[in-house]
Amino acid sequence: MDNRVKQEMASIPIPSDLHRRSRLGVELAIAENKPASNLAINPARKRRRTLLVLTASLLGLVLLTAVLSNSQVRAAIQKALQFVPGIGIVKEEELPADRYVLKNPITQTVGSGTIVITGVMVDSRMTLVSINGENTARLDKIKIINDQGAEFIIKPSLSTWSSGQWQASYGHQGELDLKGSVSIVVGEEGKETVIPITLIKAETFTNYADMGATSTVNGVTITAITNRVDEKARISLIAQHPKEIRITDYGFFGLYAHDNLKMNVTDNIGNSIPLEIIRGILAPASDFYFKLSDKRNITYKLTLPEIYTETQDEATITIPTETTDNLNQTFEIAGFPVTITGVERLDEKNLRVYVDMHYSESTTKSLHMFNLAGLSNMGRLNERTGELVYLEFEAESNRTKQKITISRPQILIRGPWTFELPTFDR
3 MDNRVKQEMA SIPIPSDLHR RSRLGVELAI AENKPASNLA INPARKRRRT LLVLTASLLG
63 LVLLTAVLSN SQVRAAIQKA LQFVPGIGIV KEEELPADRY VLKNPITQTV GSGTIVITGV
123 MVDSRMTLVS INGENTARLD KIKIINDQGA EFIIKPSLST WSSGQWQASY GHQGELDLKG
183 SVSIVVGEEG KETVIPITLI KAETFTNYAD MGATSTVNGV TITAITNRVD EKARISLIAQ
243 HPKEIRITDY GFFGLYAHDN LKMNVTDNIG NSIPLEIIRG ILAPASDFYF KLSDKRNITY
303 KLTLPEIYTE TQDEATITIP TETTDNLNQT FEIAGFPVTI TGVERLDEKN LRVYVDMHYS
363 ESTTKSLHMF NLAGLSNMGR LNERTGELVY LEFEAESNRT KQKITISRPQ ILIRGPWTFE
423 LPTFDR
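With the working numbering applied, the sequence shown corresponds to residues 3 to 428, in that order.
Don't take every hint at face value.
Claimed, not checked - The calculated label-pair distances, taken between Cβ atoms and stated as ranges, are:
1. Thr318 <-> Ala139: 29 to 39 Å
2. Thr111 <-> Arg401: 35 to 45 Å
3. Ser362 <-> Pro198: 46 to 56 Å
4. Glu194 <-> Ile91: 27 to 37 Å
5. Thr111 <-> Lys303: 28 to 38 Å
6. Thr208 <-> Gln167: 34 to 44 Å
7. Asn137 <-> Pro276: 20 to 30 Å
8. Arg401 <-> Ala285: 21 to 31 Å
Unchecked claim - The calculated DSSO-like cross-link candidates involving lysine-lysine, where the alpha carbons are at most 30 Å apart (straight line), are:
9. Lys245 <-> Lys264
10. Lys93 <-> Lys157
11. Lys367 <-> Lys264
12. Lys367 <-> Lys93
Just so you know, the hints here were simulated from the structure itself, not pulled from any lab data.
Idealized CB from N, CA, C, for every residue including glycine.
Could you put the whole structure together from the sequences, leaning on the hints where they help?
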């Protein structure tokens with residue numbers, strides 16, 4: 003029995019009556035196996051005592067088997083899983099919480115632009131609302147009104163923006179009375195827009211495969227959760243992987259020079275289906291749409307040829323600050339070897355470091371990029387394969403050597419992960 007199984011068995015909450023009976027069986031065995039020291043033991047009684055010990059031990063084994071096969075205990079080994087659409091998180095708990103979510107995004111025209119409420123989560127600990135905007139002013143607060151008319155003001159906890167587009171997450175610590183029919187009010191006073199939404203109780207699952215089609219490749223398990231939104235299919239990706247890595251791209255955008263290895267959806271007659279991303283505030287982009295065919299008997303397959311991850315490993319090295327050819331200085335980061343092949347002094351302030359990433363397209367994983375901690379830097383990528391070729395950064399010329407810290411290694415993990423998607427009936 004390995005340690006993991008022992009730990010799982012040790013953590014099983016045994017029903018009180020079974021625990022008591024199994025304990026009695028074990029105690030009986032101990033008692034029958036402990037004769038009084040001042041009494042002579044008759045051989046016949048000894049055989050009977052041995053039989054009782056064996057019988058009691060078997061009783062304990064039977065009771066333990068009953069415990070392990072009891073549905074209450076089997077369920078206790080598994081955690082309750084609840085997926086939060088639009089926010090892209092899975093809540094794992096011993097017991098399922100009363101949690102309310104927004105099933106599908108809600109789009110609202112505001113002036114000449116649009117606002118999309120992509121996700122909502124309400125539970126006893128917090129309320130989260132995720133909103134995207136295009137050609138509209140960023141919202142410094144939102145108002146939520148419940149079905150009793152009570153109003154709650156929530157401010158953004160995180161936001162990003164670019165030309166014409168923005169994303170924000172609005173959060174409140176503590177429980178709010180929000181479920182069922184709710185209104186979100188946006189905009190300035192006197193120019194407010196009321197957006198009605200419906201919050202439903204989050205569905206509870208016992209494993210990830212119950213949520214959707216699931217594929218495991220090279221230590222990463224990905225689940226594709228599907229839903230129909232009008233004439234589109236909505237796909238939400240969630241993943242299980244070692245805690246030391248973070249997925250940064252499921253392949254929707256793809257690595258430089260890897261355009262032919264992006265995420266794709268095809269139908270059963272060979273058509274490649276265009277994908278539309280649902281913008282969110284956090285990486286990786288994990289929600290997207292594709293338009294459903296109006297033909298009958300069309301099925302779809304989702305393929306992720308490769309994904310991109312990042313880990314927090316670091317390596318500190320010392321390099322020369324003057325031009326040096328054939329340096330061949332090798333270090334290791336995140337389990338991958340990297341060789342500094344040369345250093346080039348560009349001018350009094352700038353240095354270029356050439357690297358060999360030992361990149362191979364035949365391996366299950368490849369290191370393709372990293373950064374320099376605490377230093378502004380830029381790099382060049384291989385035009386054919388996409389891995390780092392060199393980095394440039396500021397390095398004063400008044401010293402012969404400089405210490406640099408290599409950080410945030412980015413690792414390509416090859417698949418493919420494939421998913422036969424369910425039918426999208428109305």
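How the hints compare with the structure:
| no. | hint | in the structure |
| --- | --- | --- |
| 1 | Thr318 <-> Ala139: 29 to 39 Å | 45 Å, violated |
| 2 | Thr111 <-> Arg401: 35 to 45 Å | 60 Å, violated |
| 3 | Ser362 <-> Pro198: 46 to 56 Å | 54 Å, holds |
| 4 | Glu194 <-> Ile91: 27 to 37 Å | 30 Å, holds |
| 5 | Thr111 <-> Lys303: 28 to 38 Å | 35 Å, holds |
| 6 | Thr208 <-> Gln167: 34 to 44 Å | 38 Å, holds |
| 7 | Asn137 <-> Pro276: 20 to 30 Å | 23 Å, holds |
| 8 | Arg401 <-> Ala285: 21 to 31 Å | 37 Å, violated |
| 9 | Lys245 <-> Lys264 | 24 Å, holds |
| 10 | Lys93 <-> Lys157 | 23 Å, holds |
| 11 | Lys367 <-> Lys264 | 16 Å, holds |
| 12 | Lys367 <-> Lys93 | 29 Å, holds |
The structure is inconsistent with the numbered hints 1, 2 and 8, although it conforms to all the rest.
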